[in-house]
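A.B. asks: Read off the chains here:
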Amino acid sequence: MKTLTNNLRLFWQGALLSYVALFHWMRPIQYMASKILMPLAQMFFFVYLGTFATSADNRTFYIVGNALQIAAVSGIYGMTMSIGGDRDNGTLGYIFGTPANRLVVFMGRAFMNIMDGALGVVIAFTWGVVLMGLDLSNTSIPALALTILITTISTCGLGLLMGCLALITVNVMFVNNFVYFMLLIFSGANIPIAQLPAWIQAISYVLPLTRGIAAARLLVGGAGLLEVTPLLLGELAVGFVYFLVGYILFTVFEVVAKRRGTLDVF
Amino acid sequence: MNLRTLVKYWRTILIVAEMNIRQQLMDGFIVFTVLFQPIIIALLGLFMLKDKGADAAMFVVVGSGLTGLWSSLLFISGGSINFERWTGTLEPLVAVPTPFEVIVFGKNLGNVVQSLVSMVVGYFIAALAFGYKLEIQQPLLFAVSILLAIIAFISFGLVIAPVFVMNPNVRAWQNAMEFPVYILCGFLFPVLLLPAWTNPVSWLLPPYWAAVALHGTSTEGASLNQILFAWGMLLLFSVMDLFIASRLFKLMLYKARADATLGME
Chain A
0 MKTLTNNLRL FWQGALLSYV ALFHWMRPIQ YMASKILMPL AQMFFFVYLG
50 TFATSADNRT FYIVGNALQI AAVSGIYGMT MSIGGDRDNG TLGYIFGTPA
100 NRLVVFMGRA FMNIMDGALG VVIAFTWGVV LMGLDLSNTS IPALALTILI
150 TTISTCGLGL LMGCLALITV NVMFVNNFVY FMLLIFSGAN IPIAQLPAWI
200 QAISYVLPLT RGIAAARLLV GGAGLLEVTP LLLGELAVGF VYFLVGYILF
250 TVFEVVAKRR GTLDVF
Chain B
0 MNLRTLVKYW RTILIVAEMN IRQQLMDGFI VFTVLFQPII IALLGLFMLK
50 DKGADAAMFV VVGSGLTGLW SSLLFISGGS INFERWTGTL EPLVAVPTPF
100 EVIVFGKNLG NVVQSLVSMV VGYFIAALAF GYKLEIQQPL LFAVSILLAI
150 IAFISFGLVI APVFVMNPNV RAWQNAMEFP VYILCGFLFP VLLLPAWTNP
200 VSWLLPPYWA AVALHGTSTE GASLNQILFA WGMLLLFSVM DLFIASRLFK
250 LMLYKARADA TLGME
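Those sequence lines, one after another, are chains A and B. Reminder that position 182 of the first sequence reads as 181 in numbering that gives the first Met the number 0, one-by-one numbering, no gaps. Reminder that position 46 of the second sequence reads as 45 in numbering that gives the first Met the number 0, one-by-one numbering, no gaps.
Mixed in with the good hints, there may be bad ones.
[To be verified] From the structure, some residues in chain B lie toward chain A, with a derived Cβ separation under 10 Å: (1) F35; (2) L48; (3) I243.
[Stated by the list, open to error] Derived DEER-like restraints, expressed as beta-carbon distance ranges: (4) L139(B) <-> S54(A): 34 to 44 Å; (5) R21(B) <-> F239(A): 42 to 52 Å; (6) L191(B) <-> I28(A): 13 to 23 Å; (7) M165(B) <-> L3(A): 46 to 56 Å; (8) L2(B) <-> G132(A): 44 to 54 Å; (9) V128(A) <-> A94(B): 49 to 59 Å; (10) V128(A) <-> A128(B): 50 to 60 Å; (11) L16(A) <-> E134(B): 56 to 66 Å; (12) L243(A) <-> M25(B): 33 to 43 Å.
[To be verified] Quick look at which bits of chain B chain A covers, simulated, 3 or more residues with Cβ under 8 Å: (13) 136 to 142; (14) 172 to 178; (15) 216 to 222.
Quick caveat, the hints were computed from the structure, so don't treat them as lab data. The beta-carbon is built from N, C-alpha and C at its ideal position, and this holds for glycine as well.
With the hints as constraints, model all of the structure from the sequences given.
C.D. replies: Here it is, written out as C-alpha cells:
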C-alpha cells in the first residue's frame with residue numbers, strides 16, 4: 000500500500016512539475032498565445048489552402064483533420080521537451096540516480112501533456128464551430144470526446160518515443176519539427192489517405208493520428224460510436240506500441256548512459 | 000543606415016553572410032526552418048493542388064519558398080542579435096569600428112539567401128517527383144522581383160531583430176506569428192479568399208508585396224503595372240525599414256550601454 004501511495008505521489012508530482020517546468024519561461028498571456036493563437040492560425044492556413052485546392056464544400060474535411068492534428072503540438076513538442084528537458088536542465092542525473100519507479104516517472108511526463116493536448120483539440124474544434132462554420136449538430140459529442148482523448152494518448156505515445164531520442168541527440172528540435180510537419184502529410188489531416196502513394200499510405204497506418212482523424216470525420220458526418228470503434232481501438236493500439244518502445248528505449252538508454260558515463264554528454 | 004554605408008562595407012557584408020551560412024549549416028533547427036520545412040510545405044501543397052496543373056505547382060514552389068523566407072526572418076534573423084549574446088560575441092561586435100547594423104545586415108543576407116535554396120529544391124521536386132513541366136513565365140522580371148524581395152526581407156529583418164532584443168515579451172510570440180503571415184501575405188493561396196477587412200493588414204507587410212511580385216512574374220498572373228507597383232512597394236518598405244532600423248539600433252545600443260545590459264537577456 001505504501002509503495003502504491005509513493006508511486007501515485009511520484010506520478011502526480013512528476014506530471015505537474017514537468018509541465019510547469021516546460022512553460023516556466025512564459026507568462027500566462029504568452030502561454031495562451033502559443034496554446035490558442037498558434038493552433039488557430041495553423042488551422043486557418045490549412046483550411047484556406049485546402050478549400051483553395053479543392054472547394055469550399057470540403058471545408059469540414061480540413062477543419063476536422065487540422066483540429067485533431069493540434070494534438071501533436073503537445074504530443075510531440077510537449078512530450079519531447081518534457082523528457083529531453085531533464086537532460087538540458089541537468090536534472091537527468093538526479094532522476095536516474097533515484098530509486099523511483101521508472102514506469103511511473105515515464106507516465107508522469109505524459110499525463111499533463113495528454114490533458115493539455117486534448118484541451119488544445121477541444122479549443123481547435125471550438126474555433127472550427129465559432130469561426131469556420133463547422134457543423135456538429137449530427138455529431139455524438141461523447142464519442143468525439145473519446146476520439147479526441149484516444150488520439151491525444153496515441154500521439155503522446157509517439158512523443159514519448161521522440162523524447163527518448165531527445166536523450167541521445169543534440170538536434171532535438173530538428174527531429175521534433177520533422178516529425179510534426181511530416182504528420183501533416185502522413186496523417187491524412189490535409190490529404191485523403193487514398194490519394195497518397197502506396198508507400199506513404201503504408202507509413203500512415205503505423206502512425207498515430209491517422210485513424211483518430213478518420214474516426215472524427217466519420218463522427219462529424221453522423222456516424223455512431225460503434226462504427227468508429229475499430230478505428231479507435233487501432234489508434235489506441237498504435238499509441239500503446241509507441242509507448243512500449245519508448246519505455247524500453249528509456250530503460251536501455253539509462254543503462255547505456257550509466258555504463259558509458261555519457262548521461263549529460265551532448 | 001543608408002546606401003552609402005552599405006556600399007562602403009559591402010565586403011564585410013558578404014563575409015558576414017558567408018560566415019553566417021557556414022555556422023548555421025551545423026544547426027539542425029535552422030536547417031529545418033530554412034530548408035526542410037518549406038520543402039515539406041511544398042510537398043503538402045503539391046499533393047493538395049495536384050489536379051490544378053503546372054501554374055498551381057509553380058505557385059506552390061514559389062509560395063513554399065516564401066514561407067521559408069518568412070520563417071527564417073522570424074526565427075533566425077529575429078534572434079540574430081540574441082544569438083551573439085548567447086555566444087558571448089556581442090560585445091566585440093558592438094565595439095568594432097564597423098557599424099553593428101551592417102553586421103546584422105550581412106547576417107540577414109545569409110539567412111535570406113540560404114532560404115532561397117528551398118525554392119530551388121521545391122522546383123526540382125515539382126518537376127521530378129510530380130512530373131510538372133515548370134516554366135517561369137517572365138524570367139527577367141522574376142529575377143528582379145527576387146532581388147527586391149531579398150532587400151525587402153533583409154530590411155524587415157533589421158527592424159525585427161532590435162525589437163525582439165528590446166522586448167523579450169514580443170519574442171515569446173514568435174511561434175504565433177509564423178502562420179498568420181503565411182495567410183495574410185497570400186504565399187500559398189490568394190488573399191482574395193480572406194475577408195476583405197484583412198486586406199489593409201496584408202498591404203502593410205513587405206512579404207505580401209514580395210508574394211505579389213514573385214507569383215505575378217512566375218505564373219504570368221499579374222500585369223506589368225501590377226508588378227511595377229509591387230516593386231515600388233518593396234522599395235518603399237525597404238527604405239522605410241532601413242530608416243526605422245537605424246533608429247532602433249541606435250536606441251538599442253544606447254540603452255544597452257546606459258543600463259550596462261549588453262550581454263544580458
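A.B. asks: Which hints from the list above does the structure break, by number from lowest to highest?
C.D. replies: 3, 6, 10, 13, 15
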